[in-house]
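S.K.: Protein chains in written order, with UniProt numbering: chain A, 1 to 415; chain B, 1 to 415.
Heads up, some of the hints might be wrong.
In this list, chains with the same sequence are indistinguishable; a pair is considered to hold if it fits within one copy or across any two.
[Stated by the list, open to error] Okay, derived cross-link-like pairs now, DSS-like style, lysine-lysine, Cα gap no bigger than 27 Å in a straight line:
#1 Lys-50 to Lys-145
#2 Lys-105 to Lys-384
#3 Lys-316 to Lys-376
#4 Lys-196 to Lys-116
#5 Lys-50 to Lys-128
#6 Lys-128 to Lys-384
#7 Lys-87 to Lys-376
#8 Lys-105 to Lys-145
#9 Lys-238 to Lys-73
#10 Lys-116 to Lys-73
#11 Lys-105 to Lys-396
#12 Lys-73 to Lys-196
#13 Lys-396 to Lys-268
#14 Lys-324 to Lys-265
#15 Lys-196 to Lys-105
#16 Lys-73 to Lys-50
#17 Lys-105 to Lys-376
#18 Lys-396 to Lys-265
#19 Lys-128 to Lys-396
#20 Lys-162 to Lys-396
#21 Lys-396 to Lys-196
#22 Lys-384 to Lys-396
#23 Lys-116 to Lys-270
#24 Lys-268 to Lys-116
If you are wondering where the hints come from, they were derived from the structure by calculation, not from laboratory data. As the structure is a prediction and not an experimental result, all values here were calculated from the model.
So you can see what is in the structure, the chains are spelled out below.
There are 2 protein chains.
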Amino acid sequence: MNAEIIAVGSELLLGQIVNTNARFLSRQLADLGINVFYHTVVGDNPDRLKNAMGIARERAELIIFTGGLGPTKDDLTKDTIAAQLGKQLVLDEEAMTSIELYFEKTNRVMTENNRKQALVIEGSTVLKNDHGMAPGMFLATADNKYMLLPGPPSEMEPMFLKYGQAAISGMSGNQAKIESRVLRFFGIGEAALETKIEDLIDQQSNPTIAPLAGDGEVTLRLTARDDDNGTAQALIDKVEAEIMDRVGEYFYGYDETSLMLELSKLLKIKNLTLSAAESLTGGMFQQELTSVSGASSLFKGGLVCYSNEAKIGLVKVNPETIEKYGAVSGECAEELAMNAAALTNSDIGISFSGVAGPDSLEGHPPGTVFIGIHVKGLPVHSEKLTLSGSRTAIRKRAVKFGCQIIINRLSETRK
Amino acid sequence: MNAEIIAVGSELLLGQIVNTNARFLSRQLADLGINVFYHTVVGDNPDRLKNAMGIARERAELIIFTGGLGPTKDDLTKDTIAAQLGKQLVLDEEAMTSIELYFEKTNRVMTENNRKQALVIEGSTVLKNDHGMAPGMFLATADNKYMLLPGPPSEMEPMFLKYGQAAISGMSGNQAKIESRVLRFFGIGEAALETKIEDLIDQQSNPTIAPLAGDGEVTLRLTARDDDNGTAQALIDKVEAEIMDRVGEYFYGYDETSLMLELSKLLKIKNLTLSAAESLTGGMFQQELTSVSGASSLFKGGLVCYSNEAKIGLVKVNPETIEKYGAVSGECAEELAMNAAALTNSDIGISFSGVAGPDSLEGHPPGTVFIGIHVKGLPVHSEKLTLSGSRTAIRKRAVKFGCQIIINRLSETRK
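One chain only, chain A, in its complex shape (with noise of 0.2 Å):
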């Protein structure tokens, strides 16, 4: 089965909000082994919501629509729907003692058009809004099925997932089961770790191999179908093993993660505490850590030093490593690294100088980078990056390298 989802809302077209929806419902739709081939944006116009809905007829088995269900003139959703299937508009009583009570208990008075959203059109299943008002509708004709869900999130997603899905499970019979693991990987390109498993993107057809690049890292989505969810994981885990034994050095983790969760997960593992002191980041790493809820049973503090003054006299930093070597250099991150370890009585300090630019210093163009790492019972180290992009995209990826370096530095530990 093959599905569109269409949005319904002009400030989609204006560009006020993002259409998170057809994301949320994309990702639920793969999860039920649904390929979703369009998503489709109109605004509150009748005329170009036919059209779209007429194309989406053609192509789509199911349609999904998001919006337009409100007591505003502006939504019209159901109406065009309804119009463009020769059916009526039809009240359900449910859905109106509900608005009723919202009202009520809310302590407002229901102003005449929000009978409007007990409207539903005949003959189809009504899905129950469990936090708004207007209900949702599913349908099936003879060539597609709909389903209508209103726009806000805060109703459309517990909606689906509660009543939603289950229309369309019942539907679609003895499906093929589908699952689906996304590997991370960090330092290397898009174009060059898809050379280095070309045969097997060539060769795929179950599991399929779909590269994502983005924020200096690379996923892979592995997605395999089978009638049952053992051989699919199964097969995923062979095209898995193949894809590491090529690239598994830059591999850091699965699905919904980021190397700062992987890196906190490992500490935590380990019991160790962490400090970092950050000139060029500017705090970028100690916020990223602390983001993370529970994170101060491995972070107490640590320092930004984003002036030489600082260096010397918060890190505490030897003037004449700076004088001798430069702030941006291997020896002052050094310096930095231990220092932050020291000063906060931390097993483990990391630092980050370099030059974000625009500007060049010290006569380092933009994009160098040093990070001081520094492991209770390991020789200090340093690492010189060079990385392109903007201000914004070089601390980010320092932060990132940063992580890996740690991670890096307490594997070999275990050695």
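Given chain A, put chain B in place with the hints provided.
M.R.: Same frame as chain A, but now just chain B:
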């Protein structure tokens, strides 16, 4: 003129990413006075892309494609469009040189598939990519105009602003001039702001008033049309004055700015330096401050004190203060702010202590935030905020309040 935006990429249909490009371009086109009637998303599949392109040709004059310009096998936007238009792909020497330079600069070996990125549709105007490798294109046929832009927003947005916009403006002839201005507010909710200017919104026609809320801020976009730019500006001035009369106290800046940018400008004008000691925000304030190039003239460094140990050890807070009042207190925040300034020899010190959640701390519920502010020559001061939302939302809003508090405090010194 009307437009359709077609995003190409299976990752969108799988729900891996959300189509923010459509939002960005819709806003930009609205400013150019171009109506966007449809957004379409299609996967990396030549037949379905052909289908989407065929539909768009019938219903839109300007068609903008995003995505599918990269080096991998998936990337087929150029090939498909060229084939549909009966055109060849030709090598763009300038793009090729810049791709080679990119690899040279980053010390990476260029794989053969990267050459593909330098191919452009014959007869098109090449749009340079200053932030990545794949160039964009603009092409006019008898019936339609086509623009091809890369998928990553970090490449697409600057390309459109620097080169794409001009290509479109050049073709659109003598249209009415569009002027628009964004007013930015912080510290007031969208509904409250809208209520205060409800009559202005109801009467709007030229200029139009479009409110938008996000990240704790509310913006009003005023857009006026006239044959003459000056008249359009004057129409905006008039409505702006009426709005400022009502809600001016929450206004902080125009167009693409931020509270942090406004704070940075103010500090530069007044030639003041700033430091921070961050508990709750974990470095977010300093990271944002240093995200702007040139921050080094007003920021030397600061501290992150996530634990009481770091508040005492790094920021030299008197242990008795924490014992007596708690770390989440005005007293502790004030001492942190004073010490941050003193330790870095800065004119201003700010601190953030509070509860980001999900758990309570020292008996305070999540959302309790104390901001300490020390300005040289003024008595130290703290403010208690009660914020709501997720962990990240609380931290972000605390940083914004911090900026606003400093801006207000510095205005008082003028009085």
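S.K.: Each hint: holds or not?
M.R.: Hints, one by one, checked against the model:
{"no.": "1", "hint": "Lys-50 to Lys-145", "result": "both (16 Å within a copy, 25 Å between copies)"}
{"no.": "2", "hint": "Lys-105 to Lys-384", "result": "between (49 Å within a copy, 14 Å between copies)"}
{"no.": "3", "hint": "Lys-316 to Lys-376", "result": "both (19 Å within a copy, 25 Å between copies)"}
{"no.": "4", "hint": "Lys-196 to Lys-116", "result": "between (55 Å within a copy, 17 Å between copies)"}
{"no.": "5", "hint": "Lys-50 to Lys-128", "result": "within (25 Å within a copy, 39 Å between copies)"}
{"no.": "6", "hint": "Lys-128 to Lys-384", "result": "neither (49 Å within a copy, 30 Å between copies)"}
{"no.": "7", "hint": "Lys-87 to Lys-376", "result": "neither (67 Å within a copy, 62 Å between copies)"}
{"no.": "8", "hint": "Lys-105 to Lys-145", "result": "neither (35 Å within a copy, 53 Å between copies)"}
{"no.": "9", "hint": "Lys-238 to Lys-73", "result": "between (54 Å within a copy, 23 Å between copies)"}
{"no.": "10", "hint": "Lys-116 to Lys-73", "result": "within (10 Å within a copy, 50 Å between copies)"}
{"no.": "11", "hint": "Lys-105 to Lys-396", "result": "between (35 Å within a copy, 18 Å between copies)"}
{"no.": "12", "hint": "Lys-73 to Lys-196", "result": "between (54 Å within a copy, 13 Å between copies)"}
{"no.": "13", "hint": "Lys-396 to Lys-268", "result": "both (23 Å within a copy, 26 Å between copies)"}
{"no.": "14", "hint": "Lys-324 to Lys-265", "result": "neither (38 Å within a copy, 34 Å between copies)"}
{"no.": "15", "hint": "Lys-196 to Lys-105", "result": "between (54 Å within a copy, 22 Å between copies)"}
{"no.": "16", "hint": "Lys-73 to Lys-50", "result": "within (17 Å within a copy, 36 Å between copies)"}
{"no.": "17", "hint": "Lys-105 to Lys-376", "result": "neither (45 Å within a copy, 35 Å between copies)"}
{"no.": "18", "hint": "Lys-396 to Lys-265", "result": "both (20 Å within a copy, 24 Å between copies)"}
{"no.": "19", "hint": "Lys-128 to Lys-396", "result": "between (35 Å within a copy, 24 Å between copies)"}
{"no.": "20", "hint": "Lys-162 to Lys-396", "result": "between (30 Å within a copy, 24 Å between copies)"}
{"no.": "21", "hint": "Lys-396 to Lys-196", "result": "within (26 Å within a copy, 40 Å between copies)"}
{"no.": "22", "hint": "Lys-384 to Lys-396", "result": "within (16 Å within a copy, 32 Å between copies)"}
{"no.": "23", "hint": "Lys-116 to Lys-270", "result": "neither (51 Å within a copy, 46 Å between copies)"}
{"no.": "24", "hint": "Lys-268 to Lys-116", "result": "neither (46 Å within a copy, 45 Å between copies)"}
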